[in-house]
Every structure is written in C-alpha cells, then in structure tokens.
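Asker: Following the hints, put chain W in place on chain H, whose structure we already have.
Residue numbers (the working numbering), protein chains in the order written: chain H, 1 to 507; chain W, 1 to 507.
Just so you know, these hints were derived from the structure itself, not from any lab.
The reader is advised that the hints may include incorrect statements.
For identical chains, the list gives no copy identity; a pair is met inside one copy or between any two copies.
27 angstroms max Cα-Cα, derived BS3-like pairs, lysine-lysine [said to hold, decoys possible]: (1) 310 x 252; (2) 338 x 79; (3) 300 x 39; (4) 79 x 300; (5) 336 x 39; (6) 36 x 79; (7) 39 x 79; (8) 338 x 310; (9) 252 x 344; (10) 252 x 336; (11) 252 x 36.
There are 2 protein chains.
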Amino acid sequence: MFGPQVAVGQTQDTGLLLEAFDVQLFRQSSETTVAKLGKHLADLSIRGLNLTEPSVLTRAARALMTREKEHIAGYDEEKLAAIIDLYVSTGIQVHSPGYMGRQFSGTVPLAGVIDFVSSVVNQPSSFYEAGQLPNVVERIMADELNQFIGWDPDRFSMITTSGGSLANLTAILAARNDRLPGFWLEGGAAYRGRALPAIAVGDDVHYSVSRTAGITGIGEHQIVRLPLNRRQQIDTARVAPVLDTAERRGLKVFCLVASAGTTSVGAFDPIDDLAGLAAERGIWLHVDGAHGASLLVSDKLRRRLRGIEKADSLTWDAHKMMFTPAPCTLLFYRDKEKGLNAFKQRASYVFDEDPDVFTALDSGGKTIECTKRPMIMPLWALWAMYGRALFAEKIEYLCALARSAHRMLLAEPDFETAHYPESNILCFRYRPGELSREETHRLQVAVRDRVKHRGNFFISKVDIDGVAALRVVLMNHLITHEHFRMLLTEIRTVGRDVYQRAVKGQG
Amino acid sequence: MFGPQVAVGQTQDTGLLLEAFDVQLFRQSSETTVAKLGKHLADLSIRGLNLTEPSVLTRAARALMTREKEHIAGYDEEKLAAIIDLYVSTGIQVHSPGYMGRQFSGTVPLAGVIDFVSSVVNQPSSFYEAGQLPNVVERIMADELNQFIGWDPDRFSMITTSGGSLANLTAILAARNDRLPGFWLEGGAAYRGRALPAIAVGDDVHYSVSRTAGITGIGEHQIVRLPLNRRQQIDTARVAPVLDTAERRGLKVFCLVASAGTTSVGAFDPIDDLAGLAAERGIWLHVDGAHGASLLVSDKLRRRLRGIEKADSLTWDAHKMMFTPAPCTLLFYRDKEKGLNAFKQRASYVFDEDPDVFTALDSGGKTIECTKRPMIMPLWALWAMYGRALFAEKIEYLCALARSAHRMLLAEPDFETAHYPESNILCFRYRPGELSREETHRLQVAVRDRVKHRGNFFISKVDIDGVAALRVVLMNHLITHEHFRMLLTEIRTVGRDVYQRAVKGQG
Numbered sequence: 001m002f003g004p005q006v007a008v009g010q011t012q013d014t015g016l017l018l019e020a021f022d023v024q025l026f027r028q029s030s031e032t033t034v035a036k037l038g039k040h041l042a043d044l045s046i047r048g049l050n051l052t053e054p055s056v057l058t059r060a061a062r063a064l065m066t067r068e069k070e071h072i073a074g075y076d077e078e079k080l081a082a083i084i085d086l087y088v089s090t091g092i093q094v095h096s097p098g099y100m101g102r103q104f105s106g107t108v109p110l111a112g113v114i115d116f117v118s119s120v121v122n123q124p125s126s127f128y129e130a131g132q133l134p135n136v137v138e139r140i141m142a143d144e145l146n147q148f149i150g151w152d153p154d155r156f157s158m159i160t161t162s163g164g165s166l167a168n169l170t171a172i173l174a175a176r177n178d179r180l181p182g183f184w185l186e187g188g189a190a191y192r193g194r195a196l197p198a199i200a201v202g203d204d205v206h207y208s209v210s211r212t213a214g215i216t217g218i219g220e221h222q223i224v225r226l227p228l229n230r231r232q233q234i235d236t237a238r239v240a241p242v243l244d245t246a247e248r249r250g251l252k253v254f255c256l257v258a259s260a261g262t263t264s265v266g267a268f269d270p271i272d273d274l275a276g277l278a279a280e281r282g283i284w285l286h287v288d289g290a291h292g293a294s295l296l297v298s299d300k301l302r303r304r305l306r307g308i309e310k311a312d313s314l315t316w317d318a319h320k321m322m323f324t325p326a327p328c329t330l331l332f333y334r335d336k337e338k339g340l341n342a343f344k345q346r347a348s349y350v351f352d353e354d355p356d357v358f359t360a361l362d363s364g365g366k367t368i369e370c371t372k373r374p375m376i377m378p379l380w381a382l383w384a385m386y387g388r389a390l391f392a393e394k395i396e397y398l399c400a401l402a403r404s405a406h407r408m409l410l411a412e413p414d415f416e417t418a419h420y421p422e423s424n425i426l427c428f429r430y431r432p433g434e435l436s437r438e439e440t441h442r443l444q445v446a447v448r449d450r451v452k453h454r455g456n457f458f459i460s461k462v463d464i465d466g467v468a469a470l471r472v473v474l475m476n477h478l479i480t481h482e483h484f485r486m487l488l489t490e491i492r493t494v495g496r497d498v499y500q501r502a503v504k505g506q507g
Numbered sequence: 001m002f003g004p005q006v007a008v009g010q011t012q013d014t015g016l017l018l019e020a021f022d023v024q025l026f027r028q029s030s031e032t033t034v035a036k037l038g039k040h041l042a043d044l045s046i047r048g049l050n051l052t053e054p055s056v057l058t059r060a061a062r063a064l065m066t067r068e069k070e071h072i073a074g075y076d077e078e079k080l081a082a083i084i085d086l087y088v089s090t091g092i093q094v095h096s097p098g099y100m101g102r103q104f105s106g107t108v109p110l111a112g113v114i115d116f117v118s119s120v121v122n123q124p125s126s127f128y129e130a131g132q133l134p135n136v137v138e139r140i141m142a143d144e145l146n147q148f149i150g151w152d153p154d155r156f157s158m159i160t161t162s163g164g165s166l167a168n169l170t171a172i173l174a175a176r177n178d179r180l181p182g183f184w185l186e187g188g189a190a191y192r193g194r195a196l197p198a199i200a201v202g203d204d205v206h207y208s209v210s211r212t213a214g215i216t217g218i219g220e221h222q223i224v225r226l227p228l229n230r231r232q233q234i235d236t237a238r239v240a241p242v243l244d245t246a247e248r249r250g251l252k253v254f255c256l257v258a259s260a261g262t263t264s265v266g267a268f269d270p271i272d273d274l275a276g277l278a279a280e281r282g283i284w285l286h287v288d289g290a291h292g293a294s295l296l297v298s299d300k301l302r303r304r305l306r307g308i309e310k311a312d313s314l315t316w317d318a319h320k321m322m323f324t325p326a327p328c329t330l331l332f333y334r335d336k337e338k339g340l341n342a343f344k345q346r347a348s349y350v351f352d353e354d355p356d357v358f359t360a361l362d363s364g365g366k367t368i369e370c371t372k373r374p375m376i377m378p379l380w381a382l383w384a385m386y387g388r389a390l391f392a393e394k395i396e397y398l399c400a401l402a403r404s405a406h407r408m409l410l411a412e413p414d415f416e417t418a419h420y421p422e423s424n425i426l427c428f429r430y431r432p433g434e435l436s437r438e439e440t441h442r443l444q445v446a447v448r449d450r451v452k453h454r455g456n457f458f459i460s461k462v463d464i465d466g467v468a469a470l471r472v473v474l475m476n477h478l479i480t481h482e483h484f485r486m487l488l489t490e491i492r493t494v495g496r497d498v499y500q501r502a503v504k505g506q507g
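Just chain H, with the same shape it has in the complex (with noise of 0.2 angstroms):
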C-alpha cells in the first residue's frame, strides 16, 4: 500500500465535489439523521397511515429542490432534516402498532445499521472478490438455514436475489430448463407439436408465479390451476385429477408451485402430499415459502413445513419474517448443479477463465442480477448476534396473536372469520346484519377505505372465494390483544356508518 500522502493530488472539482465527499459533513448528516430515526422508533403511538394527496406531495418534493438557474446548489443541513422528515411522516409506519397491513416489517434495527454500512463502501456481491464477506456469509447462512430444511449439506445451494418474485421466476427459470432442455437455446417454439409445456399452481398463488409463464415463453394459458380446500390450501386429493385432465387437454406439467403460505390468507399447502404426487410424474416442486418459510427457524412452527425436504426450490423472504430491511431473499435448491441451469451463459469480463479457489463463490451466473446488493450481511449480522432465538420468539408471538384474535373474533357476532390462522395473518368480515354476498364484498372494501383515509390504523383487503375481506398481518411484536380489540371498534366505528347509508341505502 503507498502512503495516502500520494492521493493529494491535481483533482479538477471546483467546491461541490469536495463539499458533497466532505467526511465532516458525512458525519454530520449522519448524526442529524441517527437523531430523527432514534425519535421515529421511540415513537410507539398507534397510527396508521398518513395518507396525502400525491399533487401536495408532489409541491413538497419540489419545494425542497435546488433549482438550476437560481444559484450554486450546497449542502443545506435544514433540508437535509426536511427530506428525512418528510420521508418517514409519510411513509408506512412499520414500527407503530396500527400498521397491520402487510408483509413488510419494522426491521430490527441492528440490521438498518448494517445496511447502512453497505450503502456507503459499496460492495456488490455478485462476485467474491468484490464483496468477500458479503460472499462467505452467504455460504454460511445457507447452512444455518438448511439446517431446518433438511437437504444434503453437500449438494444443496442458496442465492440471495433482490425479491420473493424475481427468486420465483429464477426457480422457474431451472426447472424449466432442466425438465426441457432444448428451451434455453432454441425457445418454445421447439415445442409446438408436441404436448405444451406447463405449470401447475394453487389457485391462490402469487401472482408473481402465475406471470412467470408469461415471462418465460410458456405462456400464461398453460397455468394449471388447482383448487383449493376450504382451508385455502391445494386440495391434495384434487391435483391428480386435475393433472390427468391437462394431459388430455394436451398440456405436460413440469413444475408445481406449492405456497407456504399464500399472501392472501396465509395458508401452507400440504408439502409432503404435494411432493409425492410431483416425484410420481416426473414434476419439479417448487415452494414459494416468501411469507412462511421463516416458521422453519421455531420448533414449534416448523411443521407447517412438513415435506420441505422433498422439495427441488423454495424461496425464503428474509425480508418479511426475518424482519430485515427490504429486499432479501434467498432462494435454495436441493441439487446445486440444477441451480446452475437457471441462466446458462459465460462472458469473458465477468467470468473468469479458470475457476480457482475465489472465483468458485462468484454467483453472478446463477442470479438475474449482475450487480447484486449484499442484502445478506443484515441477516448475518442478526443471525450472528442474537442467534435464531430473536426470530423464532418474535414469530412464535405473532402466530400466537393471530389466534388469539381469531378466538376474540369467534365471540363477535358482528363478525365473521374466513379462515382458521395458520401463520400471522388472518382475514375476518365485518357483517352486523343480513347482507348478500354483494353487499358483504362493497361493506369490506369501503371499511377498509375509511379505515385507512382515517389514519389510525393500516390494514388490508383480500378477496376469498370471490367476496372482499379484511386482512390483518402481524408484524410487529409490540402489537397487543388489546391494540386488536382497538381495531375492532374502529372497523364499527366507520363500519356501521358505511353500513346505515351505502349498503342499506338509508340515503
């Protein structure tokens, strides 16, 4: 290394570049901007969402903008506070106990801070020798992980790619080449004439999976799908019919996607049926566990899981129930070398020639990504420091409330539950009177309306079985028994009113 006396050198920046690197001012921006999140995470008030019109919003964006003419733009410590201010006030609020809307989660802070580490040195992850840590750490929380999964610690391998839907499509994209061969080079059309190729998926399936017929070449009318129980999960004893159907209709089902559990509801499909009936024909199986996966980390959830280690892919969100800042997902495959089908190619600048001892952990030939964030150093750092303990006791809690809120709400006459909670997100009706499926579906859809224009809570909507319902997802552990019961009176508070005049046609 040569003395770092050697880098005052002729640089040609006038003040802007030496003021925006300035390292002063990085640690103040830092230091202002530590201050705001520390109070943003203090701040436990139930609230939900701050709902603002986007052409006020807009105004505010724009009012906090260096115009060009006017003069030389600067650092401006005011602004900087009025950004982040703007920012978080407006934003979903994770770490209040009124957010329970989705799958996105308060992250544990420790893992804010590790991120933020990334987003200043840099380091893609994609190849070994430009994030060496990021890279070595990957490898190691694939073993942890599999641990729960069960696969041959030898022949397993994991991604990380940025989100739940491209590691679906990516999981797609190897079973696809694996079970047909002659796609990659010479596409679908080398399949016309014989029976088509196609994917099977539970009717409640995220629609990133269904779509990746349509990405890939399959086409979007070759999805299969299977109907589900009344627990929302795939009818096992349906699937074999429904296949043997396909068949006859001229379509040939190399993959079936199994969810672990549905967005919608929550629900895990029965794996160790499903991965029989898949082996029997020849089927890849792929789980799609984005929400669910992460109960393989508690004892006492991991059987919701129950086949895992039948399975040929599953792609796992840290992102939602490993509370890491977005995105972070994990994608594992049972057989490393049929991950490697996934996108076969080699180019010169970025593979190296012979692979040696560092190149060998490069996985820029197995992901989408080119450039990869190292979104696995958050999860490494939690991992590392608080053991699998802090996730399974958070998830235990929340699966836990789910159905205590479930019984509270079995005692509600006013309301209907829609589903039995298998996982931390349970979807309930408000119905105080007689109401046809019609008015059912228009009450839910307008409560769950006023409820967010109001701001006191966030929470979601699904569609079960063709009628709107209320969907509330537990993601943070401060939230209560009692904050559910809050939301409750809430959902009545605007709900009878909704019911009086829209539903009833008081008006």
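Answerer: Relative to the frame of chain H, chain W by itself:
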C-alpha cells in the same frame, strides 16, 4: 391517532426482543458505525484488494457468531465493531484512488445516509400507499432526466428496478409483448412454423441482454449478432445486410439492442443511425445505457447518445455514473402504454379495483418486483441538494481523465491502446516486446492477476477481438493523472517479471 400510552401492552417477549428493538442501542450502534465509516471515507491511501482465502474469511466470520448452545445471545458492541471492520477491510475499496477496476462507484456519502433511512423505515415503493415520497420523487426524477432524453413529457414513463440486467429483461419483455402479442398468453410455441422471433444485438453487448432470449422463450439461437467497427461500436453499414441474411434464415428481428456504452470498453453504438434502420423495419430499439446514459446530464458529453430521443426504451443505472448505492436502475419508455405491456396481469390483493389518484402511481404491475426498495430516494436527495452540476462535473472529470490517460499510453512504447476512450473506461495492453497473440493474451491475464494479488491497485481485464486487455474504469474523482502513472509503474514491475519467466520461458 391514539396516544402513546395505549401502546404499553402485554407483549410476550423476553429480554431478547426488547433489546433488539431498543432505541438507545440503535443510537449507540449507529454512532459506532458512523465513526467507522467516517474513518474509512477519510482514508485516501492508494490500495487495491485485500484478497483473502474464502476458508480463512469463513473462520473469521464464524468466530463472530454466537453459538446457540453456549448462552443466550445479546447485543455486543465489540462484536459489531469487529463485524464492520471485517466487512469494510475485505471489500472492494471503491473510495480509494487505487480502485480502478469496475463500474461500481464510491457512493456520494449523503446517498448512503438517505439509503440508511430507507433501511430503517422500510417503505417498499411498488405501491403509493406504502411509500408515498419515493413514488412521488420517482415521477419528479423521471421528468428531470427526461429533459436530457427529450421524449414527449406526457407520453413517456420511467420505472425503477433492481439492476440493469433486470431493466434490460423488462424492456425486452415489453418489446416482445408489443411486437408479438400472442406470446404472453400462448407462449413461444405459437410461433412454430412462422418466422422465428429474434433479437439483434451488438457483438459486444452485455451478457444480460443476450440471455434475455433464453429467459423469455425466444431462444438464444435467435440472437442475431451485429458486427462491430474498429471503435467497437455496431457497424451501421453492416446492419441491414445482417438483418436481411437473418430473415432469409427464417428469423424475424423484433428488437434491436444498442449499447451506450459497452461494458468492456465503454463504446457508444450509433443510436441515431440504428434508430433509422429500426424504424424502417418496425423493430423496437432498446438502448442499454446502464453505464453511459448518465453522460446525458453533461452538456459536453450528451452527444455520445445522439438520437436517443428516437429509441423506444432506455436502461440507465444510477448506481454506476450517478454514484448512488446499488442497485438504482431507471428504465425509461418513450411510450408509457407500451411499458405497461411487460407484465400483463392483475391480482386483487395488490391492485385495487378502482384506480384512484393514489393507485395511479402504483408501479407493482410494471416491474418484476412486488416488494421493491425505494431506490430512487438517494438519487433524488443528491439531485435536490446539489443539482445536476455535481453529476456533470464528476462525469466530465472522469471522462477527461480517461482521455488524458490514453494520451499518456500513446507516449509509452511498452504499452498499446486498444481503443479511443469514449467515456471513463480505458483498455490497453502491456507489450514490452515482440509477442504472439497468445502470448499477449496470457501476459495481460497474468499481469491483471498479479496486480490484484499485490493489492496496490485494482483493475480488471476484458477480451477484445479475442485477446485479453487490461481495463481501467475511472469512477473516483480523486484519481489523478499521477495515479495512472503509478499504475503503469506497478504493471511494469509485475509485468517484466512475468514476461521474462512465463511468456518468454527463461526458466
């Protein structure tokens, strides 16, 4: 909003959860982190890579992990400090003038600070209601940057996505679905017996582009490679004949991809000429400007992308030449309606039934990602604070530096240049004497490896016309002419030795 006193509930957590979410510990760990990052940013020493054996690094990382059986884990300040030290010291040193190897940038520190906010508040930006400010500023930045592209402000659109590879895939899906409307639903099989859909690319196109043919069911065999001229650009005069030949072979090119500039040497394809050819034949013109689109913000350099207003889509990585944390990729469409074609699907729980002023800003239907990092925030914050001058100044300096380094090489008899640098990428070869093509190739590979292992500088290599070349990418404005001279000295030091022994077989 309810008062905070209500939030004091009966959570079931043990000390572990309380500790992990403790605000005081968040402040403390942030301070430790800011101090370490500040020290890292202040270190201007010239250094390359501290390349470590993966097995050694694995042991070091494992040593920092709490063993489950041992005792209850907990927050440990010393462990955090050790994690950050290990992370920072083993990474690619993007903030050092010794880093000249890749297109990752030393981020502007303020961009990292804003990204930190994103990591903690965790607002996904696919849906307006979840991340209001990111969605609004995405529109603002689209308008700001479109000033330099020149599309109809009412017709164009822009989305953010996780990396240039994903943006290229998304654009090509939009092109495929626009020009081959049966593909999404019916799949590639529908095109058997007709002309096979094909994609034309420059022979030096990024691997992410050519592999889209494999991903999307077009088939990699249906990639038509366009020959390059001596400047490593697509040779306009030879495009029409190659397309005609392809047509006679039964191919129908529906999309042509130009690079601005290429990954290997930073060459800009002649967009203006190609747009004319594409228009004549009804071909979608996509420009992969992952690296070079940022030159648009410079009045001096914009002409490299002459004709960009005639393209149909453009990939632009802000995490390269706009110096933000990765990933932050912008994908522009000239016609927003066509951008909606990339993924045709709806899902009730994410896309609301009746679009309103809020959901009109949702981008979930237009990107691969469902949960998407609010990656626009760091870029917007820099733009708001410093205006475009910051970017233009830095980019102009880096491109001028590449030209000056090129001039330096012309005066050195033991070096040969491989091209005239159109941007901040410069490729050249060390040739201290008469060498065959094969010897020249081996020498560059050996020099690159030795330079990397010595750890004073970090450079890359690339094959040009089948022979390896040394490649520098100048991403740091602290690099001067003098540093480049030091690099040449380093290359000579290791190169003479390699030349004597390995190439000329003295041993």
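Asker: Taking the hints in turn, state whether each one holds.
Answerer: Cross-check of the supplied hints:
{"no.": "1", "hint": "310 x 252", "in the structure": "within (21 angstroms within a copy, 43 angstroms between copies)"}
{"no.": "2", "hint": "338 x 79", "in the structure": "neither (51 angstroms within a copy, 37 angstroms between copies)"}
{"no.": "3", "hint": "300 x 39", "in the structure": "neither (35 angstroms within a copy, 45 angstroms between copies)"}
{"no.": "4", "hint": "79 x 300", "in the structure": "neither (49 angstroms within a copy, 30 angstroms between copies)"}
{"no.": "5", "hint": "336 x 39", "in the structure": "neither (45 angstroms within a copy, 40 angstroms between copies)"}
{"no.": "6", "hint": "36 x 79", "in the structure": "both (13 angstroms within a copy, 25 angstroms between copies)"}
{"no.": "7", "hint": "39 x 79", "in the structure": "both (18 angstroms within a copy, 25 angstroms between copies)"}
{"no.": "8", "hint": "338 x 310", "in the structure": "within (15 angstroms within a copy, 42 angstroms between copies)"}
{"no.": "9", "hint": "252 x 344", "in the structure": "both (23 angstroms within a copy, 23 angstroms between copies)"}
{"no.": "10", "hint": "252 x 336", "in the structure": "within (25 angstroms within a copy, 36 angstroms between copies)"}
{"no.": "11", "hint": "252 x 36", "in the structure": "neither (56 angstroms within a copy, 57 angstroms between copies)"}
Figure legend: structure checked against the earlier numbered hints; hints not met, in rising order: 2, 3, 4, 5 and 11.
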